[in-house]
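Novice: Given next are the chains, with one letter for each unit.
Protein chains: 2
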Amino acid sequence: MNYPTGIKKEHRQIINYSHRGMTLEDDINHSNNYYREKDIAYIYKKPTPIKVTKVDFRKDRTSTIKEAFYQEPSTTDYNGIYKGKYIDFEAKETKQKTSFPLANIHPHQLKHLENITRHGGIGFIIVRFSNLNETYLLKEEDLFSFTEKQKRKSIPLKYFKDKGYLIKENYNPRLDYLKIVDNFLEVK
Amino acid sequence: MNYPTGIKKEHRQIINYSHRGMTLEDDINHSNNYYREKDIAYIYKKPTPIKVTKVDFRKDRTSTIKEAFYQEPSTTDYNGIYKGKYIDFEAKETKQKTSFPLANIHPHQLKHLENITRHGGIGFIIVRFSNLNETYLLKEEDLFSFTEKQKRKSIPLKYFKDKGYLIKENYNPRLDYLKIVDNFLEVK
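Top to bottom, those sequences are chains A and B.
Numbering follows numbering that gives the first Met the number 0, in which position 114 of the first sequence is assigned residue number 113; successive positions increment by one, without gaps.
Numbering follows numbering that gives the first Met the number 0, in which position 171 of the second sequence is assigned residue number 170; successive positions increment by one, without gaps.
Everything labelled a hint here was simulated from the structure, so no lab data went into it.
Keep in mind the model is a prediction, meaning the values are calculated, not measured.
There's no promise every hint is true.
One copy or two, either will do: identical chains are not told apart, so a pair holds if it fits within one copy or between any two.
Using 20 Å as the maximum straight-line C-alpha spacing, the simulated PhoX-like pairs for lysine-lysine come out as follows [what the hints assert, rightly or not]: (1) K45 to K110; (2) K152 to K94; (3) K157 to K50; (4) K110 to K44; (5) K50 to K65; (6) K82 to K110; (7) K110 to K37; (8) K157 to K94; (9) K53 to K94; (10) K53 to K65.
In isolation and in its complexed conformation, chain A is listed as follows:
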């Protein structure tokens, strides 16, 4: 649409304000909702695994959990289906400006992504450098070749710039990461 310049500018500011303080998780959930509403893809965040140890049981389905503990997830946070393909990824934010510390991803999550890719799925990580306001998608294959060859405990930003894909932020979907997945699908 052709807004007068002044309004367009104001519109842009509103968008920026609405993004401020949004976490990567918010942005991905928002994008996944968009994909579902438009019947593009069915990708969900898995619930956080919690071990329940005490419950006040009630018959009316309003049981209250009185004691529980967070557990380590055995897989990645997000999975689902897109264009008939199994999609699986982990998303992390870092405040670092030059590298992404690998301690943010559990070794069994790396192994899981490798298993998925070997079996024909699309596996990747999404990493946001929050202080740079840059979000990258890195394919499992490139993640794996880094961790296998290098003994370094973090992935340099340069590696994301070279091997990864910068995901542009939009209004809706906020993070159109499936646009990047389309590139992989075309190659296959």
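Since the structure of chain A is provided, determine the placement of chain B on it from the hints.
Specialist: Quick look at chain B alone, frame taken from chain A:
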């Protein structure tokens, strides 16, 4: 292996005993572990969604949840990848002997399975009639055609016998449901 007849019989008895009291969920988790160990498929049960309202935070990762509530799952319980295909299903037990009450499955779960199948995934339900000791796999397509045509609130056992697949119980994997999925994949 060729055991003397007596031992073979005893062996069978042990297997039966070990199965006694096992829930459908136990059997499916056990089978999924087997599939992973043998590098056949990567299918996991999703954690139960829980809304946490009070937490005692601690720095050493041992935070205790003091109040939380069970939430309704937005999708099905199990999903993953097998032979490059996205797999998605819900599993339910019933004590009924002649039919499976549809109240056991939420309408949004039915909708989810339909979305998955429409996008090229393999969607189904696994239903155990625990008092008959019979477990069936019913494809989403057959589930959908039942719920669309019929106004009945339960699916008769006969429908499972006609349209579904009886899953044999084994020692390992306990419920080899992917053997049945193989049939669908061959047809496609």
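Novice: If any of the earlier hints don't hold here, list their numbers in rising order.
Specialist: 3, 9
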